[in-house]
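Visitor: Protein chains in written order, with the working numbering: chain A, 1 to 304; chain B, 1001 to 1260.
By construction, these hints were calculated from the structure, which means they are not laboratory data. Just so you know, even glycine gets a beta-carbon here, dropped at the ideal spot from N, CA and C. Warning: the hint list may mix true and false statements.
Quick list of simulated restraints, FRET-style, between CB atoms [said to hold, decoys possible]: (1) A:R91 - B:V1215: 31 to 41 Å; (2) A:E32 - B:G1038: 40 to 50 Å; (3) B:Y1242 - A:R91: 49 to 59 Å; (4) B:A1258 - A:L173: 50 to 60 Å; (5) A:R235 - B:D1046: 50 to 60 Å; (6) B:S1126 - A:E81: 26 to 36 Å.
Covered stretches of chain B, as calculated for chain A (at least 3 residues, CB under 8 Å) [to be verified]: (7) 1112–1125; (8) 1206–1218.
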Amino acid sequence: MRAAFIRTLTEIAEADARVVLLTGDLGFSVMEPFAEKFPERFFNVGVAEQNMVGMATGLAEAGLVPFVYSIITFASLRAYEFIRNGPVHHRLPVRIVGIGGGFEYGHAGLTHYGLEDLGVMRLQPGLTVVAPADHQQAANALRATWNLPNPIFYRMGKDDAAFVPGLDGRFALGRMEMVREGSDLVIVTIGAIASEAVAAAEILAGQGVNCTVAVVSSFNPSPSDDLAALLGKFRKVMTVEVHYENGGVGSWVAEVIAERGLACQLVRCAVPRTPSGMSAPQNIMENAFGLSREALANTALSHL
Amino acid sequence: MSPQAIRKIILEQSHSAHVGHIGCSLSVTDILCSLYGGVLRVEASDDPERDRFVLSKGHAALALYAVLALKGLIPLEQTGTYCSGQTLLGVHPEHDLPGVDFCTGSLGMGLSMATGAALAARLQKSPRRVWTLLSDAECDEGSTWEAVMFAGHHRLSNLTAIIDFNGQQAFGYTRDVLDQSTMADRWRAFGWAVEEVDGHDVAAMTAALERPRDVAPRVLIAHTVFGKGVSFMERQIKWHYYPMSAEQYAQAMKEIGATP
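Whole structure, please, built from the sequences with the hints as guidance.
Guide: Below, the structure is given as structure tokens:
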């Protein structure tokens, strides 16, 4: 998604001189197309995420559209109060781009896992959260949202090859995308793990269990009406995300069920604890927390 | 605009609202008088080409409200709404108030916003300038130095920082908490042009601020007295917090030569 993001941003910057890109010293082998084309609008601010967001606030107040880029934890957590007091309180079009949600930084370990970004970002009023499921959707989501007047947080994955079958890159802000239809269970997912969720649905279909799979790609606005309409047809919903259990898509589904008074039981597949002492490649980390396609299918079967 | 008129509003409104943060507002009064008395190019708060000002030490916002009112950027009567519940005039400034370019109140953020504003002016090839007022204790915040490094490296000569160098912080004197006596050397080491000035000498500050620009960003270290002008508040930590009693208010107004 990050290559698709930079490629798309470079196209946008070609057409609009207000776009400025700041990085906190990250983006080797990713950012170069933008940096080489627009050297006067590209700044490596150094390893200084707080200043990067503070500066973006000053740039946006003057009418520019600054994108700030870092690994997801540094972009979202290190600079969190700067995001809140800056673009959020000022209602300015700063774009915070966090790379590598969930366990995408695999071996890099605890400090690099993005497991609470959706939660902390979506609770800020007026901060739109965009979390694409694959590179095609990432490009379309960026085209659809980059010029919104309010601040945006983008959770961008690292994978630029995988895609979610049935999604075909569709993105509509504040809407859910249905990628598979079935009447036995509904799976609601977000981010790059969506492709595993679809694969789990395929396994389940082989066993005669037909699932609907819905991909959520934005909060604030959140697709709450879409979700409520969907859950009205099901007795059970299973959420799939590489995020802590609290705060992410599972929590959001619980909010909608409770607020709308829906009779739908929630099963959350997420990360329930701090993943200490287990730095490993992404797939091994996801397997360890029951987020592989096989484990997701088994979880679904055990609740039916 | 005069320092006395600013101090009078500070005392009147903090007394009326029964709110503290008086000493820090009195500390920066003469600095803001210099800036808004003629240095800043701000004729209309919605002019995109106006100079930008960031009150990085947001807790001195009452002094800013006073100068905005005296300059005619907000109605003078609006200062009477200070901390009243239905107001944009809180202890810390909100940018929805005309004349407040950036909302502040969490220390260590203002210089970053100012640095971004200065970079924006450079990118947009605008002659507008950016000014920010920091407290000395605010330099405890590491983020301040992130911005100092960036502005120094990129030689943002349209940026001026002013430090309200009063030697005090919320819970002690800087010499006891984290010593700031090498302040000038630190900024100089990061590539800034440094000047030290009496922070209560309006003419001297105005002369310093209007001197031709160097190629580097500038910092003016303004030596000030916390609570300046009210004898019982000067250099007293507690006047970071306390509101005035009726007797203290009468005494303070008398000392600045104003009539309640």
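Visitor: Run every hint past the structure and note whether it holds.
Guide: Outcome of the hint check:
no.: 1; hint: A:R91 - B:V1215: 31 to 41 Å; verdict: 35 Å, holds
no.: 2; hint: A:E32 - B:G1038: 40 to 50 Å; verdict: 47 Å, holds
no.: 3; hint: B:Y1242 - A:R91: 49 to 59 Å; verdict: 35 Å, violated
no.: 4; hint: B:A1258 - A:L173: 50 to 60 Å; verdict: 55 Å, holds
no.: 5; hint: A:R235 - B:D1046: 50 to 60 Å; verdict: 56 Å, holds
no.: 6; hint: B:S1126 - A:E81: 26 to 36 Å; verdict: 29 Å, holds
no.: 7; hint: 1112–1125; verdict: holds (count 12)
no.: 8; hint: 1206–1218; verdict: violated (count 0)
Comparing the model with each earlier hint shows violations of hints 3 and 8; every other hint is respected.
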